[in-house]
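Enquirer: Chains as they are written, first to last, in our numbering: chain V, 1 to 414; chain B, 1 to 544.
Be aware that one or more of the hints could be misleading.
Straight-line distance between alpha carbons at most 25 Å, and here's what the computed SDA-like set of lysine to any residue pairs gives [what the hints assert, rightly or not]:
1) V/K228 with B/G393
2) V/K228 with B/F377
3) V/K277 with B/F377
4) V/K228 with B/G392
5) V/K228 with B/S486
Hints are computed from structural coordinates only; laboratory data are not their basis.
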Amino acid sequence: MRTRHAAVATGVALVLAVTACSSDPADPTTDADTTGGELVIWVDPNRAGVLAQFQDQIEADLGVSLVIEEHPPDDLQSTFVTASQQGAGPDVTVGAHDWIGNLVRNGTVDPVQLSDPALAEFPEVAIEAVTFEGQTYGVPYALENLALIRNTELAPDAPATIEELVETGQQLQDSGDASEIMCLQVGDQGDTYHIYPLFTSGGGYLFGTTADGTWDPSDLGVDSDASKAAFEQIRELGEAGVGALKRSISGDNAIPTFTDGDCAFLVSGPWAVNDVKEAGIEYDITPVPPFEAGDTAEPFVGAQTFFVASRGENKAVAQEFVANYLTSTELAVALYEAEPRPPALTSALEQVQSADPDLAKFIEAAEYGSPMPSIPEMAAIWGPFGTAQAAIIGGADVDEALDAAAQAIAEQID
Amino acid sequence: MARESLAGPVTPAPPGGGRRRRRGGGDLSRVEAPVTATGLAAKALLLGVVAALAIWAAFPLIEARSWIGLSILAVTTVGIFYLYLSRRHIPAKYLLPGTLFLIAFQLFPVLYTASTAFTNFGDGHRGSQDEAIVSIQTASVRQVPGSAEYALSIATTGDPASGQLSFLVRDPATGEVFAGDQDGLSPLPADQVSVGLDGRITEAPGYTVLNAGQASARSHEITNLAVPTDQGAILASGLSRAYEGRAQRAYEAACDCVVDTDTGQRWYADQERGSFVSEDGDRLVPGWRVNVGFDNFTRVLTDPRVSGPFLETLVWNFAFAFGSVAFSFALGVFFALALQHERLRGRALYRVLLVLPYAMPAFAMLLVWRDMFNTDFGLINRLFGWSVDWMGGEWTARGSLLLVNTWLGYPYMFLITTGALQSIPKELTEAARIDGAGPWHAFRRVTLPLLMVALTPLLIASFAFNFNNFNAVYLVSGGGPFPPDSPLAGATDLLITYTYRLAFGGAGAQYGFAAAISVYIFLIVAVVSAIAFRRTRAQEEVWR
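Isolated chain V (complex conformation) (with noise of 0.2 Å):
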């Protein structure tokens, strides 16, 4: 209880401090148990490495003892949430910009001021990927997308089109070379995040945007006209049609089956590219191809970011070493030693570039993209709207299923 009056009374001071009404703000509290301070950093368990070889000058530069927590990626956020509301949380974490919502939803994450020279060192799809109702909310360190991972021995020219992409693929099935025409992976309960860029080549959208270029939750655009004509294309592809879509292809078996050599294509990001070299692929990197009369194939970008938690016990380190510490090129390079994608950092990036073509590939795919929706409604989407999505390639009515997964994402929203 004590606790919590004390950081009202602190909130209220600082807002009468800031707002300049009071010339008496209540006294800051003191701590007397932050001597000594600590960081605590949650992070997954590859990046944990690369920030323990940095323990030493951190430390000596921050003046703190750095404590690095090691969490399986998959529970961090919600693991997170939960540490935070108890007040056993870290001050820093690393996840996904695309958290940011639901994060801020529960109060667990503060914004991080960014100088001007700090914001141009990041590429505009990196802020705009962090940014949350006009507030910058953590420092993104790298970038992912999905672009198209080919094999040049079984194809070696990179389509220009979805159509060409299929009749290569259905050459090469013809001729016994590959089993699968493509592989993307949907599974059994769909994947909006692998099929978003053949879903915006076909014109359709998730959510509309307001005058000011932020998202529009209130327009919701899974059942529009666009959106279904979207579908009607991607049925086309899935088991009723051409069949180079398919509900067996899942997340478990897409980068498998490719490595396999049983497809000549793979709708995959960064993460695949090691599996693809161990196996001795010889490969390229395009960008997702659009559909023949399409619009641009676009790839949700994701931001890997450092969070400053709100209810760390050592924010104003926190802060220092997020806003101001993170910049490095040296860690950033460091970072993406430990796991190969694109450093966020443009000075980074360009550093490890000429050594690792395929960043440069991704790069490019990148620039097609957009950032993934970071508001709390999109939380909403992937449950309904991967279900019509797998229906719809299964064969069912494109119609029908946009007009219930609709219904069922707006019902969530309100």
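Start from chain V and add chain B according to the hints.
Expert: What follows is chain B alone, placed relative to chain V:
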């Protein structure tokens, strides 16, 4: 599947337990146990552990000023000491540890779940109103447009650890230097100030510039220090930069509302919904946790988009639990009887082979089965040359699940049946044979009824377990296939997987609502089990 039920809720009284009570509870308390040195040492050690645990638990309770919790702790500890130091109350000595664990690990979670069901606890409504106010205000602090960004040094007047904190700031564009504290900003004499390579002030007259460690130690104060200016206030962004910012939203206690200082828009606290809501219905995030009474419970029954799938799911849930138990039991009994046959050779080997599924981790096996059901790449379709869309069809998915669950469950049934068969005297079946009964008739009339007396409680436990068999459904079918017209509840969803999706998926966590459904599940399982146990007892009376 059923394996957990061994350790699980099987402990309720054995059939007819009510009548065997005379065995316990006698005059044990008058028996004087001999005192031994090891006994004393063990007692001292255990009581020491209790004392240590109590002290360890007391600190956070004192810190949180939870006096009720503290008194419960004190009473419990004193009670334990009294009980084990006295030489009386011997039965209580045996009962107490179990009772305490029962309260801590069974009763408390159930009560906690039940109490959560009466709140709107979930994403967006986690903390208190006070916490929500702090979050709303902090999130609305923005840099004043066109204002300077400063290089910041943290300094104190006097002792680094306790002196009054000040911000020494330098405008990199103009080179102007200032000192700021809670009373405001004042210019520093530029010629007496030293500036480091990074543009930050390293020395200023009258101030002690803190190093990183000293500054970090006062992190809380740095976060909370706002140096008032005309436009707003100078705030630290970390330890090396400061900016001029202003909170756009402020809480006013007088109207219990949040006011936008730019537009004057107001959001009033709505204690029924736990949010600040404006007149045009706009809600601020985060909200807070409030009591919603029976709303969550009535929503399950009255909201058509919940009650529809709820009832449908309930029917399948019964079918799944009943089917899993019935099929695996039938198969288990069949194998057990087959392996009873004395002329069968290599029985030991067969038994080992039969319990193999039971010995494998269910988690991994479920995933393997899921892959085997894949339409194009799955073993089953490839083996038979079929192209069945196992997980895509309502009934094929349900059938597959039952098949998998039967496969996982029959070894358990096989084991317990084998065990129970040993205890049925052969004379009974032989007598039946002599009376002219065929093998089937003898089994049906003699063996099976006797088996059921021993096994029914285990079957009920197995039913209760399968009623909430989350893993089997979640890992194999994920609840799907989902009909396009209700994408929230799938054909193979159990209530528990449906609840899980509500609580942790979809549009964010809804713990309150999920807890209400859990309470319903609890009631259903409790009622079914109670009826089943009653009937078992009646059955036993008949066969007696």
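Enquirer: Against this structure, judge whether each hint is valid.
Expert: Hints versus structure:
Under the criterion of a C-alpha separation no larger than 25 Å, the hint pairing V/K228 with B/G393 is consistent with the structure, at around 24 Å. The straight-line distance between the Cα atoms of V/K228 and B/F377 is roughly 30 Å, outside the 25 Å bound, and the hint therefore fails. This hinted pair checks out: V/K277 and B/F377 have alpha carbons roughly 23 Å apart, not beyond 25 Å. About 22 Å separates the Cα atoms of V/K228 and B/G392, which keeps this hinted pair within 25 Å; it holds.
Only pairs whose Cα atoms come within 25 Å are accepted, and V/K228 paired with B/S486 is accepted, the gap being roughly 19 Å.
Violated hints amount to a single one, hint 2; each of the other numbered hints is respected by the structure.
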